[in-house]
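Asks: Here's the letter readout for the chains.
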Amino acid sequence: MTMTAPPPGKKLNRIGLDLQPYRGSKTTLCAGCGHNAISERVIDAFFEMGVDPRRVVKLSGIGCSSKSPAYFLSASHGFNAVHGRMPSVGTGALLANHKLIAIGVSGDGDTGAIGIGQFVHLMRRNLPMIYIIEDNGCYGLTKGQFSPTADLGSKLKNGVVNDLPPLDTCALAVELGATFVARSFSGDKKQLLSLLKAALSHRGTVMLDVLSPCVTFNDHEGSTKSYAYVKDHDEPVGDINFVPVFEDITVEYEPGSTQEVTLHDGSKLYLKKIGEAYDPTDKLAAMRLLLETSRRGEYATGLIYVEPDRDDFITLLNLVDDPLATLPLERTRPSKAALDEIMEGLR
Amino acid sequence: MSPTDLAPQEAVAKRSNARAVNDFSLQVATVNGSGSQTANLVLLRSIFQMGVPVSGKNMFPSNIAGLPTWFTIRANKHGYVARKKEVDFLVAMNSETAKEDVLTLDSGAACVYDEPLKLNALRSDVTFYPVPFDKLVAPVCSDAKLRRLVRNMIYDGVLARLLNIDMGQMEKALNKQLGKKAKAVTLNMAALKTGWDFAEKNLPIQHPFRIEPMNQTRDMILIEGNAAAAVGCMMAGVTVVAWYPITPSSSLCETLITYMRKYRMDKETGKATFAIVQAEDEIASLGMVIGAGWAGARAMTSTAGPGISLMAEFTGLGYYAEVPAVIFDVQRVGPSTGLPTRTAQGDILFASLLSHGDTKHPMLLPASPEESYSMSMDAFDLAERLQTPIFVMMDLDLGMNTWMSDPFPYPDKPLDRGKLLDEATLKRIGEWGRYKDVDGDGIPYRTIPGDGMPAYFARGSGHNARALYSERADDYVTNLDRLGRKFETARAFVPKPIVEINPKASIGFIGYGTSHWAISESRDQLRNETSVETSYLRLRAYPFSAELIEFFDRHERVYVIEQNRDAQMAALMRLELKPEHIAKLRSVLHYNGLPIDARSITDDVLAKEGHDLVVHHREVPDEPGGEAGVGGE
Chain Z
1 MTMTAPPPGK KLNRIGLDLQ PYRGSKTTLC AGCGHNAISE RVIDAFFEMG VDPRRVVKLS
61 GIGCSSKSPA YFLSASHGFN AVHGRMPSVG TGALLANHKL IAIGVSGDGD TGAIGIGQFV
121 HLMRRNLPMI YIIEDNGCYG LTKGQFSPTA DLGSKLKNGV VNDLPPLDTC ALAVELGATF
181 VARSFSGDKK QLLSLLKAAL SHRGTVMLDV LSPCVTFNDH EGSTKSYAYV KDHDEPVGDI
241 NFVPVFEDIT VEYEPGSTQE VTLHDGSKLY LKKIGEAYDP TDKLAAMRLL LETSRRGEYA
301 TGLIYVEPDR DDFITLLNLV DDPLATLPLE RTRPSKAALD EIMEGLR
Chain G
348 MSPTDLAPQE AVAKRSNARA VNDFSLQVAT VNGSGSQTAN LVLLRSIFQM GVPVSGKNMF
408 PSNIAGLPTW FTIRANKHGY VARKKEVDFL VAMNSETAKE DVLTLDSGAA CVYDEPLKLN
468 ALRSDVTFYP VPFDKLVAPV CSDAKLRRLV RNMIYDGVLA RLLNIDMGQM EKALNKQLGK
528 KAKAVTLNMA ALKTGWDFAE KNLPIQHPFR IEPMNQTRDM ILIEGNAAAA VGCMMAGVTV
588 VAWYPITPSS SLCETLITYM RKYRMDKETG KATFAIVQAE DEIASLGMVI GAGWAGARAM
648 TSTAGPGISL MAEFTGLGYY AEVPAVIFDV QRVGPSTGLP TRTAQGDILF ASLLSHGDTK
708 HPMLLPASPE ESYSMSMDAF DLAERLQTPI FVMMDLDLGM NTWMSDPFPY PDKPLDRGKL
768 LDEATLKRIG EWGRYKDVDG DGIPYRTIPG DGMPAYFARG SGHNARALYS ERADDYVTNL
828 DRLGRKFETA RAFVPKPIVE INPKASIGFI GYGTSHWAIS ESRDQLRNET SVETSYLRLR
888 AYPFSAELIE FFDRHERVYV IEQNRDAQMA ALMRLELKPE HIAKLRSVLH YNGLPIDARS
948 ITDDVLAKEG HDLVVHHREV PDEPGGEAGV GGE
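Chains as they are written, first to last, in the numbering used here: chain Z, 1 to 347; chain G, 348 to 980.
Read the hints as simulated data drawn from the structure, not as lab findings.
We treat Cβ as the ideally placed atom computed from N, Cα and C, and that holds for glycine.
Please note: incorrect hints may appear among the correct ones.
What the hints assert, rightly or not - Have a look at the derived ranges for each label pair, beta carbon to beta carbon: (1) G:R495 <-> Z:L164: 48 to 54 Å; (2) G:A820 <-> Z:L164: 40 to 46 Å; (3) Z:I249 <-> G:D613: 38 to 44 Å; (4) Z:G50 <-> G:G831: 42 to 48 Å; (5) Z:E221 <-> G:E835: 58 to 64 Å; (6) Z:L164 <-> G:V824: 41 to 47 Å; (7) Z:E341 <-> G:D759: 14 to 20 Å; (8) Z:D311 <-> G:E601: 21 to 27 Å; (9) Z:R55 <-> G:D753: 44 to 50 Å; (10) G:I411 <-> Z:D322: 40 to 46 Å.
To be verified - Chain Z stretches covered by chain G per the calculated footprint, using a threshold of three residues with CB under 8 Å from any CB of chain G: (11) 88–97; (12) 329–336.
When you get a sec, could you build the whole thing from the sequences and use the hints?
Replies: Okay, here's the thing in structure tokens:
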């Protein structure tokens, strides 16, 4: 689209755009909904990283979470797909044009229940896409039924107790092959922003589970996804400092206090130890952390697992450099000689 | 389950024995997994190479090894390639079905059988040729494991002798079938020769069936419809393919993969100009196609009925978000374990109206490999022109069986990428809205991610002309009516029916897809045996066009002939026809899982027309009277 030059005095990012094209339409979610805070962080991350919104596709399934792509990046194309099947639509879009940057927003029901099949295969394929689960443990848009991430023993507003164990989307993602797995909390601005920026520097599937309390149906005493509960049980695995590749900053740290991770585009993540040492490149350690914290009723947040160098799905397909969608006829229709050869083989 | 529960045998009417040269059908009854396919295709190809019109139909079980399978080859000098009910020549290799196979033969038929089966005692009106296959194969093949396969080539040799098939052509066909495997060719040639020698020495010919060289197949090719569609997709410039294996459609994408790897790798970089993904299920297949189509790719999937069921929701989304997509439905019968390897035209009503809410979708109806090829290209053009999912309705008979065809012409048209917004168009139309009907044809202008043109938010039915979320009643109605206009526009874009008006005819036939071949033959039977004249309209697409109405106007009774129980295409017609047309509508229906045959149509029509059912068949004259020409239209 044609983006007019911003008026003077406005804050511009590194590609010369102001915030406007990164903003979306007015939210229709409940006041105080965690999802809105996540949309704000997405706007900040894409703006600050200088991502061209015309290269971005926003995707979602169905549910409160899946409405949110309308509330950020108005200059980007968006597709509100069917319930639980956004991963396939995102996959198709990236096959058509692998130069696009894809961000998908799902919910805990959209992912963990109806969409678990597509979630599994998205993770397996390591498709280069940022996949956010806005996780509130319930179906908000149909008025508060339990979702598969509801914790054992958690209570609905009407007193019904959940007697099934939860799915841990992070543990699943690590197990299934996602190469960037993180958990955060919609109320933790700094951590979430750092993770989103790091996500934009990664090439592969980013699975970001963001605890995002539902203020209307799941914010009461007895719920393990309420603001109060999550705040009390948030256990960051480290203090995250993200330094993008385009910023010439050297971070100095005491040896042994910080782990440095170099991401696909050369940006760096500095993970400062809080309690015990944690190595997010160790898959077994990641699984242990998730199991141990969940057993204690806590949420481990931060970067859980990262594998910066594994080939993503698009790389495995060995595609030509130009987007498939716009290849000209002469590159997509074989010659008459080719057809003749095929016909000859069938005589 | 008794093995004969899988049998394709039907009770057949008594018929004349006057048939012999280049006009008979041969059935090979084997066990699946026994490697008989090569032998059967060598036989078919040899007859084809001798210039005699031929068709091959494989009736196989849903199983990998051990259940009965029948391969029918029909040689016909008039070019009739539909299935023929009567078996003239049986090769009984399967002990479990042999008895029933022999008992259902007509009087005057011939049968080659595995000697230990002792079938000759079953009938006195059938000519029997016992062949000791095990004894013959042992000296030819020392490897016991290979014997089971090589044994099939012995019946080819026996048949070559008994049916006068040229051994040189058998050898050529064998080389073609086995490609560069020299060792295998030598081994199989020895088996062929052994069979031929045995027959020459021991089996004096006592039947009238013979192949004599003709020149009816010159320059033609042999191909399955699925492979033809694959070539069409490649030539249509498909870039994204997502699929999930399912019988009978798998070979479409598998063949496509083979061709694309050969002909669609970038010459300079060696990289692929396409992406083919085997998805986790049919829901994901179509999801990927919809995502790719939305982002500007020429995208397709191929599936069968069960996959279509799973694709219902995404098809509706594609309809409302207006995303180009091409969906091949290689039709088969019912769900789950419901005869998945048998043919039908049973998804017509379902596919045309697939999904919830008000939805309807264009369908293309290829009848031949050549149309599978050309309509594949049409489908991509239509999908982008109309910005909607397009169904290509094939069936197992077309997709998986071997057909003669004229070679495919190189496409002479550029791709139609439809209404993509560009700077010039934007200037011309002023303000752009994704779902605005600028040209009055119901087709809006679209943009694709990354093209630098204005972005929009795609979603289901709840949007206004500017693609903004809306639940307003007037926005919804406006959009729905425009989609209706778009469907009207589609009538002019889809392939027209082929109409043959016979001025002497008071009745008309309507058919589509593979039914065409049996219909053409039936029309000749009616004319030659009973002097009933017919007109014929072959549908090639839905939505229908004005020709259909004219056809009803011109005839007193119109028979819609199709391969399903509920007269599905006729039901679609009823939605549009006037009461006076509906009053003329009759149906001929065939739905036993086997490809429709001419005799079934002829008998049914005569019964419905009030003719005496006991028909005295005259011999078919040497020149076919109708349009049952060889090859496509």
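Asks: Does each hint hold? Answer for all of them.
Replies: Going through the hints against the structure:
A hinted range of 48 to 54 Å for the beta carbons of R495 (chain G) and L164 (chain Z) is consistent with their spacing of about 53 Å. A820 (chain G) and L164 (chain Z) have their C-beta atoms about 41 Å apart, which keeps the hinted 40 to 46 Å range intact. For the pair I249 (chain Z) and D613 (chain G), the supplied restraint of 38 to 44 Å holds, since their beta-carbon distance comes to about 40 Å. Range check, G50 (chain Z) to G831 (chain G): about 45 Å between beta-carbon atoms, so the 42 to 48 Å window is met.
In this structure the hint that E221 (chain Z) and E835 (chain G) lie 58 to 64 Å apart at CB holds, the actual value being about 59 Å. One distance hint, 41 to 47 Å for the beta-carbon pair L164 (chain Z) and V824 (chain G), holds here, with the actual separation near 44 Å. Distance hint check for E341 (chain Z) and D759 (chain G): the Cβ-Cβ separation is about 19 Å, which falls inside the suggested range of 14 to 20 Å. In this structure, D311 (chain Z) and E601 (chain G) meet the distance hint of 21 to 27 Å, their C-beta atoms being roughly 25 Å apart.
The hinted range of 44 to 50 Å is satisfied by R55 (chain Z) and D753 (chain G), whose Cβ atoms lie roughly 47 Å apart. Distance hint for I411 (chain G) and D322 (chain Z): a CB-CB separation of about 42 Å, consistent with the stated range 40 to 46 Å. Here's how the stretch 88–97 of chain Z fares: 10 of its residues keep a CB closer than 8 Å to some CB of chain G, so the rule of at least three is met and the hint holds. Residues of the stretch 329–336 of chain Z lying with their CB closer than 8 Å to a CB of chain G number 6, which satisfies the three-residue condition for coverage.
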